[in-house]
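Q: Sequence:
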Amino acid sequence: MTDMPPWDAADLARRLAENAEAVCRHYLSAGRRHGGYWLVGDVHNTPGRSLYVRLHGGLDGRGRAGKWTDGATGQHGDLLDIIRESLGLLDFRDVADEARRFLCLPQPQPRPASDRGRSDAFGHDASPQASGTADAARRLWAMSGPMAGTLAEIWLRHRDLTRLTDLSSLRFHPDCYYRTDADSPTETWPAMIAAVTDLEGRVTGVHRTWLARDGRGKALVEIPRRAMGDLLGNAVRFGTTSDVLAVGEGIETVLSLHEVMPDLPLAACLSSAHLAAIMFPPTLRRLYVLRDDDPAGDHAVAALMARTQEAGIECLVLSPRLADFNDDLRYLGRGAMRAILHPQLAPQDVARFLQPVAH
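Going left to right, the sequence shown walks through residues 0 to 358 as numbering that gives the first Met the number 0 numbers them.
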């Protein structure tokens, strides 16, 4: 009897489906999200709209996340098929290895170098840290400078964020390259650069927010926010996590809590798909989830509730009064933010983290 790998095809497909948007952004990067679907030209990542991937299961119980159909050819399948076709893999072992690498799961056993040739041709090895885009992200992080006194600080203050000292995960680059797609000319714009790190503090990626020349808004480009590197399970972190952590999607959203709870450790996961997949620190006992008022945010909350229950971690949802907590901060003020958060926090965390607002 041969040894079975620790995750079979059905389990790998399920895990990929739980992170369907992250899978699509990585392997079908020429596409884009439209509502609850990812649209792209075909399984070979050609620009277009004929292939659609379901990002979430239907509320009526019909349809499953990760299932896709190409309306032009009639092809259909799951996300393992997307990995196989987009990378041109033939052997299922290569497909499974690539899926485990993407999900940061351990490989079942070392493979001979001759048997790994096809995967290596695509710039990967078995280590989840090995990624060309992760290396590029670390280079961009190293080339970026302190945020204080730059357009990045002006941008954050324009979002009513004022507690900006000791935010070591944020930097500034005055001339960050931007291209809408591979065929577009390269532009340079000032950008706020955020470090994406793993649980050990290693930089695995970066998030870029391209800024207007005066810092009072985002740059006038098609996609002013982009992330690169190994993102799955990782986050932009503020503070050191011990037993309590608050997580959300956007950087400005989580920093809005920092205005009234400056000692609460925070993590921005950058998308609902990555929020649902964040790795839990081993010391974590209580997780606060900042809910964005949209269906994707609701799906992320549901996924985290299930994962924390399985891990024995208390999970509490923090809901804004408006669309997100930055809107609450900007339009309602710090006093209202404190009043909104107070009844949603565990009593011991009110005393521990929620500071009175003096203005």
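FYI, nobody ran anything at the bench for these hints, they're computed from the structure. Think of the CB as a built atom: it goes at the ideal place given N, C-alpha and C, for glycine as much as any other residue. Just so you know, not all the hints are guaranteed correct.
[As the list claims (entries may be wrong)] FRET-style restraints, in silico, Cβ to Cβ:
id, residue 1, residue 2, range
1, I153, D90, 47 to 57 angstroms
2, Q343, T161, 19 to 29 angstroms
3, P261, A8, 43 to 53 angstroms
4, S183, A350, 50 to 60 angstroms
5, A29, T282, 35 to 45 angstroms
6, R32, M278, 21 to 31 angstroms
7, D159, D90, 14 to 24 angstroms
Q: Compare the structure with each hint and give your call.
A: Okay, the hints, checked on the actual structure:
Checked against the hint of 47 to 57 angstroms, the pair I153 and D90 passes, with Cβ atoms roughly 52 angstroms apart. In this structure the supplied range 19 to 29 angstroms holds for Q343 paired with T161, their Cβ-Cβ distance being about 23 angstroms. Taking 43 to 53 angstroms as the suggested C-beta distance range, the pair P261 and A8 conforms, at roughly 47 angstroms. The beta-carbon spacing between S183 and A350, approximately 53 angstroms, falls within the hinted interval of 50 to 60 angstroms.
Hint check: A29 to T282, Cβ distance near 40 angstroms, so the stated range 35 to 45 angstroms holds. For the hinted restraint 21 to 31 angstroms between R32 and M278, the CB-CB distance of approximately 23 angstroms keeps it satisfied. At roughly 54 angstroms, the beta carbons of D159 and D90 sit outside the given window of 14 to 24 angstroms.
Checked against the numbered hints listed earlier, the structure breaks hint 7 alone; every other hint is satisfied.
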